[in-house]
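Using the hints, position chain B against chain A.
Residue numbers (the numbering used here), protein chains in the order written: chain A, 1 to 349; chain B, 350 to 698.
Note that these hints are calculated values from the structure, not bench results.
Beta carbons: idealized from backbone N, C-alpha and C, even for Gly.
Only part of the chain A face toward chain B is listed, based on derived beta-carbon distances under 10 angstroms:
(1) 49
(2) 55
(3) 103
(4) 116
(5) 143
Over 12 angstroms on every C-beta distance to chain B, these chain A residues come out as not near it, computed from the model:
(6) 163
(7) 175
(8) 206
(9) 208
(10) 273
(11) 333
(12) 338
Number of protein chains: 2
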Amino acid sequence: MIVNGGVVRKEDGAGGRYMSEFLKRIVIPRFDSSAGEIKLSDMDDSSDFDDYVFTTDTYVVDPPVFPGGSIGKLAVCGTSNDIAVMGAEPKIMSLSLIIQEGFEIQLLSRILDEMAFWTKKLDISLITGDTKVVNANIGIAINTSGIGVRNASLERNIDVVREYRRYPWKWVRDCGAGEKEVIIVSGRIAEHGVSVLNTREGISFDLEVESDAYPVWLFLRDVLEVGGITAMKDPTRGGLANALNEISEKSGVGMVIHEERIPMLESVRGFCDVLGLDPLAMANEGKVVMIVVEEMADDVLKSLRKAGQKYAEIIGYTTSEHQEVVLETKIGTRKILPPPMADPVPRVC
Amino acid sequence: MIVNGGVVRKEDGAGGRYMSEFLKRIVIPRFDSSAGEIKLSDMDDSSDFDDYVFTTDTYVVDPPVFPGGSIGKLAVCGTSNDIAVMGAEPKIMSLSLIIQEGFEIQLLSRILDEMAFWTKKLDISLITGDTKVVNANIGIAINTSGIGVRNASLERNIDVVREYRRYPWKWVRDCGAGEKEVIIVSGRIAEHGVSVLNTREGISFDLEVESDAYPVWLFLRDVLEVGGITAMKDPTRGGLANALNEISEKSGVGMVIHEERIPMLESVRGFCDVLGLDPLAMANEGKVVMIVVEEMADDVLKSLRKAGQKYAEIIGYTTSEHQEVVLETKIGTRKILPPPMADPVPRVC
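Chain A with its partners taken away, still in its complex shape (with noise of 0.2 angstroms):
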């Protein structure tokens, strides 16, 4: 088998182009599988089997609470987004806690709360689970997998996509996307990222931004109705400019966005700025890159707006005159857009 001598880094888990090499060398290559159409190598947002798509995701963010939210509602946000992200809508869902010995029961009671109140508004039903507790210094770590299926709002969105262009899958794939489609993002980017880390210890800006975490599918549903998108990814770890890269890459185009048509909060442009990090490769929990087909580029972004995601934009283009992730500014002058290495946050998710 593979033999391997060094350690884990940080970097090795932190949603970039390392995470990726890392996945790829040691873990992928020993169990590259697939129950459908969706292989484990092929890394998208779920995977699937007959009428399901399944994902699972462990939380270590560090606070357990920031503002805007907690590690619960992180937990369903991000497990139901992955499943979101493949036009699948979120039912079924297990619970795994790994707590540390000690942990106030105040707090936890606290997590779980916001667990239920999103599974709630979800209408997912958690069904299974699992408790250990430790006495590693990790405070409060989630696993939630779950489990989505097909549904009307999907099979519509790929029959308008199929009225423009061949499109093979039978879910949103990451790997979709066609050239001279339209890419919008659902909103104002980095939020989760900056929230997490401003809530550190020794840092604390005096910031009014909170953790964007929110279930996509609640607007996705409207969205996949009128239908039209290619491709679709929730930018997590390493934020816009990984999932952007994740898409042209797995898609085999390339990518004009118009860099002031990204949207984003001042503060929250200020805050990178000070800091040396770049917005683009934050985290964000709540939002959805997606590329649609020229034709229906507009009426998706009225029906993203129309379902509350009133910060929706339009910031570019595919393309198949290159390869790359270009970033265009006001007046016209590019630079590529590489993947970030690593996200700049650790334990931000």
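Just chain B now, with coordinates in the frame of chain A:
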């Protein structure tokens, strides 16, 4: 909602009466739901939706490698066993890793190799995953969530049960035992707990005991084909004593267990005696306790032995004469076997 003071104690995650109370007080009331016939509050080994079962488990065993296996083997066996004891065939699995920064790649590789070996052996597709790296002293924690499917052996088993009595369930449930049925354990008990404990720093008796970690589906598929099993559990945290009490309580039947018939290595008995541990409360990771209609018990026992479980034994019977699990000695004296308050060994799975 529920307000709770205090902190989480190690017993709250240790698989006995304390954990059950903790879950019923803190976790289950917030989420209780079902997608099929099994509710979260049933606390069965898996839960169901459509023609599938779903289960989750996070493994935090310390040390991560022990005689007879590793946390990797355990993660495949433990999760597939929770599926198999429902009568379902384990088919799909997710893999979510929490790895401490600085963890040796060589050790990680060995752990993943064992996972790969056993998933292949079981023909399980590992289709989705997640990786987090943390700077907490957790070593490695592995979540595997699994999905199992209905299969011909399960159908046959339930058909046979229904020749003898009413059985309202679609799956083999831990609440399914009837009175005057036969209790079988598939092999020698307590070897996982003893082996892990003996590997810990500062203990290390000169003991030739290996963990019994093993995927029980590999023999259950044949045994179900014989048929007549009304209830099953894999006796992990809290051991045989916990599994018997759970079946007894949920099924509303008492049990009489012939103490001398419980299969156990002499060295395991000696180790437990010296350390003042109850072998009946020690964890197993490759065993099944099953309740079988009387008419089929001998055939099921034969089939277990034929399928390689040569130490399988009939250890007792169910009764409606009392509600407790009662241990009967060779000379006929009786005492109640209560559920353990907690597994005597922490971080055993």
